[in-house]
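Engineer: Letter by letter, the chains look like this.
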Amino acid sequence: MSRKNLLVEANALRWEIGDNLHDTIMESIYADASKIASRALIKNEEENSFVIDRVIDRLITSRWLGFPLMFLMLAIVFWITIVGANYPSGFLAWLLVDLGQPFLKETAMSIGFPAWLSGLIFDGAYLAMAWVIAVMLPPMAIFFPMFTLLEDFGYLPRVAFNLDNLFRKAGAHGKQALSMTMGFGCNAAGIISTRIIDSPRERLIAIITNNFSLCNGRWPTQILIATIFIGAAAPAHLAGLLSAGAVVFIALLGIVFSLLVSWGLSRSVLKGEASTFSLELPPYRPPRIMQTLYTSLIDRTIFVLWRAIVFAIPAGVVIWLTANIDIAGVSIAEHFISWSNPFGLLLGLNGVILLAYIIAIPANEIVIPTILMLTVLVTGMSGLGEGTGVMFELDSISDTSGILAAGGWTMLTGINLMLFSLLHNPCSTTIYTIYKETGSIKWTAVSTLLPVVMGVVVCFFVAQLWYLFS
Amino acid sequence: MGDPILALMIGSAILVIFTFLFFPSKGFYFRWKKSKNISEKVLIEDALKYIYDCEYKNINCTVQSIAGNLEISSNNALDVVKSLQSHKLITSSERLINLTEHGRSYALKVIRIHRLWEKYLADETGVNPADWHDEAESKEHELTEERANELAVQMGNPIKDPHGDPIPNRKGEIPQFEDLHLNSLKANEIATITHIEDEPSSAYSQILALGLNPGMQIKVIQVSSEKIVFEAEGDEKVLAPVFASNISIRKIRKDEKIQENFRNLLSLSKNEKARVIGISRSCRGLQRRRLMDLGIVPGARVSIAIKSPSGNPTAYNIRGASIALRNDQASQIFIEGISQN
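If you read the sequences in order, they're chains R and H.
Be aware that the first sequence starts at 1, since it is given in the working numbering, and climbs by one per residue.
Be aware that the second sequence starts at 1001, since it is given in the working numbering, and climbs by one per residue.
These are calculated hints, taken from the structure and not from any lab test.
Treat each hint with caution, since some may be false.
[Said to hold, decoys possible] The calculated BS3-like cross-link candidates involving lysine-lysine, where the alpha carbons are at most 30 Å apart (straight line), are:
1) H:K1171 - R:K271
2) R:K169 - H:K1041
3) R:K271 - R:K442
4) H:K1139 - H:K1186
5) H:K1186 - H:K1041
6) H:K1057 - H:K1186
7) H:K1049 - H:K1160
8) R:K271 - H:K1254
9) R:K271 - H:K1270
10) R:K442 - R:K169
11) H:K1033 - R:K442
12) R:K4 - H:K1171
[Stated by the list, open to error] From the derived model, a few chain R residues whose C-beta atoms are all more than 10 Å from chain H:
13) G66
14) L137
15) F161
16) V261
17) L346
Note that beta-carbon positions come from the ideal geometry of N, C-alpha and C, so glycine has one too.
Based on the provided sequences and hints, a complete structural model is requested.
Structural biologist: If you want it as structure tokens, here you go:
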């Protein structure tokens, strides 16, 4: 038969064979393979470790014990992280900010740096970097290894298994519970961890909603503001409980928002994306501690920290410059603040907060120091802070409260700052990570703008209702 | 500070307006964008497709019927016909319109892109089956031939679209099938669904609701002038003869396997062992491949490993691993029990 005839014949046969050719071939390959394997392999099905696995499984996926065990485990992880991170954070802040910064400045001065240059480098760039390291490193270095150990042991896939029902109703994947929890440590790491979700649509949902998990750069802001504004309004013996309750409420609100937004996305913009579900429950195994420590430190902590530093340095420069470059005798920062203040008040915030959130995009950690610096700058308070354009924090909560009161803050400002801190654009490290992971400007823009728009809307309505009823 | 009530009202009004404008796919903005896209090219291509369809079905095609099909005025339809003539795509004599050789191959090219895109939507995305046709209607005018060919290669040169219509090949060749309609079957006859007509959409959505898909085996139980009762994948379905005429079938060949047992994985009870016998035809594309990747192919043994607190998902032992599947997936996997020994 000639080549041409052969092709014609083949083409005709193709129409005849039908559409299921690929399936049929795959099925028969599997069938043959398993036939051969079953002849050659002797299997001992009821292995001992398998039985133990099932006993543990029955316990942690049980109807009554499953959820309480999960919350207990998470609470322990968070508690160790928050308490454990305090000491190294304090030490790093003392070393890098209290000791290091004056020392570097003096050294620079003595070798004849002009004041503006040493201000730019050490008050701006260096300080922002030091702050990010001191606040960010310890909690991440504690949280991520613990998280990885639980993952390695095999517990986390069971959490996804338990929670899948809830996430399915929101149009998401059970594994989103894991990337969400990871987001409580750091949103950038949370977004990287969505790689475990292999269904394209559910992965995008997990990426876009990860920012609703309160990351460790925002916990300190929440705790400080809740203590100053919510705790102070309560009777003394209830203050601690009430402010802690307020922070937990904001975190839970974040989870509610993330489920609601998942639900909305899966039914609107993401309706057409491909979706498939599968979740493997690996056998339990003793975690490899050293290896876990190494990989979680290198893969997650150092990686994220490095990106944060890269973004924090230019931000430090910008922060210092906005406070130090004058136009018509008034700094850029003050110009912007007085211009944006009416809009800020409309949202129950103020110009200082808006500016702080714009110039502190690289890291949520430096929002409060920036706010304090700007408030001192605007109110012209003397004897407080470290100088124009130098971010600072105070050890005493009542002093901090004093500065904020002088800046015209009310209880509403506090509440709305807490809301806005939950609902605003992700930090630049996270935005960059989203772009890297999705490879799409469109989805990066959606995940960046959606939370800000929601934040503005929520703050606006809270503020106006507050004005109405007070 | 302003008046909070006024501010609240303005704020709510802005929210409402934005929802109206930008509500996904139904919003004013998206509708406006869509309506802007109707150009002369679109009209010409749609007209060619319609004239081809008339030839295929042996219906007379007139300017009036073109106007009706494209939902434009007769004057506009006349303009379209004139421009088709000037491009030598059609010949028209008396009141009859016929495609030229060139026009036929152009029409088949558009149809090829349309069906390829439907296949793509069905296999590689999560777009709702009811929306496949409309999306392909607009995509067929945008996609270039090269891009369509790339898409075809990427999908392994499919030969049929998800409704069972043959996809014309690159040269614009299309085989003629002589299929029967579902209402030509008698009781107890077994056949395979080859094609489901997707227009009109009201009839199509009725058929979709029954969960019928090309490739499914059906067995007719009872035929009367009011209804046809038949069995598909273990479930009894009822259709009016009007709708049944939209389903084409092929009688089963002698050497074909007849699948009779349609228990699905969802019905598996604890401590019971079973063997997979197949995956439903309604599970396609990425989802089907994923299940097969996990080793869910005929012959694989399954049993329940653990149930989650809510019972959905459930983890199954498959090929030595515990794999959690959601209930809607489990209901698409067919099994048969294995006697305990």
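Engineer: Please go over all the hints and tell whether each is borne out by the structure.
Structural biologist: Hint check:
Between K1171 of chain H and K271 of chain R, the direct Cα distance comes to roughly 35 Å. Violation of the 30 Å bound is thereby established for this hinted pair. A hinted pair counts as satisfied when its Cα atoms are at most 30 Å apart, and K169 of chain R with K1041 of chain H does not qualify at roughly 43 Å. A hinted pair counts as satisfied when its Cα atoms are at most 30 Å apart, and K271 of chain R with K442 of chain R qualifies at roughly 16 Å. For the proposed pair K1139 of chain H and K1186 of chain H, the alpha carbon gap of about 40 Å is over 30 Å, so the pair is violated.
Between K1186 of chain H and K1041 of chain H, the direct Cα distance comes to roughly 46 Å. Violation of the 30 Å bound is thereby established for this hinted pair. Between K1057 of chain H and K1186 of chain H the CA atoms are separated by roughly 25 Å; this keeps the pair inside 30 Å, and the hint holds. For the given pair, K1049 of chain H sits about 18 Å from K1160 of chain H by alpha-carbon distance, which is consistent with the 30 Å threshold. A C-alpha spacing of about 42 Å is found between K271 of chain R and K1254 of chain H, which places the hinted pair above 30 Å, so the restraint is violated.
Under the criterion of a C-alpha separation no larger than 30 Å, the hint pairing K271 of chain R with K1270 of chain H is inconsistent with the structure, at around 35 Å. Distance restraint check for K442 of chain R and K169 of chain R: the Cα-Cα separation of roughly 26 Å lies within the 30 Å cut-off, and the hinted pair is therefore satisfied. A C-alpha spacing of about 18 Å is found between K1033 of chain H and K442 of chain R, which places the hinted pair at or below 30 Å, so the restraint holds. Between K4 of chain R and K1171 of chain H the CA atoms are separated by roughly 15 Å; this keeps the pair inside 30 Å, and the hint holds.
With a minimum CB-CB distance of about 5 Å to chain H, G66 of chain R fails to clear the 10 Å threshold, and the non-interface call is violated. The Cβ of L137 of chain R lies farther than 10 Å from every Cβ of chain H, with a closest approach of about 36 Å, so its non-interface assignment holds. A Cβ of chain H approaches the Cβ of F161 of chain R within 10 Å, the least distance being about 5 Å, so the stated non-interface status is violated. Annotated as non-interface, V261 of chain R keeps its C-beta farther than 10 Å from every C-beta of chain H; the closest such distance is 13 Å.
A Cβ of chain H approaches the Cβ of L346 of chain R within 10 Å, the least distance being about 7 Å, so the stated non-interface status is violated.
In summary, the structure is inconsistent with hints 1, 2, 4, 5, 8, 9, 13, 15, 17 from the numbered list given earlier, while agreeing with the others.
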